[in-house]
Amino acid sequence: YESILSAPGTGAVKIDGQVLARDFVKISAADVNIGNNATILAGVNDTTKILSNRQAEDLFSKLVNSDVSTGNSFANNNGSIVITSYGKDGGTNIAGQLRNYAKNGNIEIKNTGSKGIDISGNVINTNGTLLADNSGAGGLLVSGNVTNTGDLTMTNSGNGGLLVSGNVTNNN
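Take the position in the sequence shown, starting the count at 1, then add 218; the result is the number in our numbering.
Keep in mind that the hints are not guaranteed to be accurate.
Distance ranges between label pairs, derived from CB positions [said to hold, decoys possible]:
1. K244 - S353: 16 to 26 Å
2. N255 - G384: 12 to 22 Å
3. S353 - N271: 38 to 48 Å
4. K321 - R272: 26 to 36 Å
5. R272 - A355: 36 to 46 Å
6. N389 - T228: 34 to 44 Å
7. N271 - T373: 37 to 47 Å
8. D241 - T371: 17 to 27 Å
9. N296 - V382: 21 to 31 Å
Lysine to aspartate or glutamate pairs mimicking DMTMM-like chemistry, simulated, CA-CA at most 20 Å apart [what the hints assert, rightly or not]:
10. K244 - D351
11. K232 - D307
12. K321 - D241
13. K306 - D351
14. K321 - D369
15. K328 - D307
16. K232 - E326
17. K244 - D234
18. K244 - E326
19. K328 - D351
20. K328 - D369
These aren't lab readings, by the way, just hints derived from the structure by calculation.
Model, not experiment: these values are computed from the prediction.
We treat Cβ as the ideally placed atom computed from N, Cα and C, and that holds for glycine.
Input sequences plus hints: build the corresponding full structure.
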C-alpha cells in the first residue's frame, strides 16, 4: 500500500488562509494555488501553546508585520517551504505570501505541470537557498516580489519562458 500512497495524485491544493510552522511546510499536488489573502510562514521560533483563535491571530499578525529580511527573534534554526506541482492541467500559482524566517532555511518551488509557476505575490527567504524550477509546459513568471539572502536559482525549461516584470532581489 505504500506505493499507492506515494504515487502522485490528481488533486489540487488551494490555500486562502494562514499556515504557520516552526520547521517545515511541504505541499505536493497536481495543482497548487496560494490565494491573494494566504500566508505561509515557516522557520518560526515561537513555543507559545496556542489555545484560542485569538492567540493564533495575534501571533500571526506579529509575525506578518515584522521585517524578516533583517533577522529577528522569530527565527528558528531550520525551516523550509517546499511546493511541488505536477499535473497535466496543473501548476503553481503564488498570489499570497511565502515567508521563511529560519536561520538556515530554504524555499523550493518546482513544477512539471502544464501551467508553469506564476509568482504574483511575495516570496521571502531570510537565509538559505531559494529555488524556483519550472520544467513543465508553462513558463516561470514573476510579477510579484522574490527576496532571498543566500543562493538564488530560477530556471525554466518549459515553453513559456522566464519572464520577470516584478522584483527579484538576492542579498549574498
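Give me the numbers of the hints this structure contradicts, sorted from smallest to largest.
Of the numbered hints, all hold.
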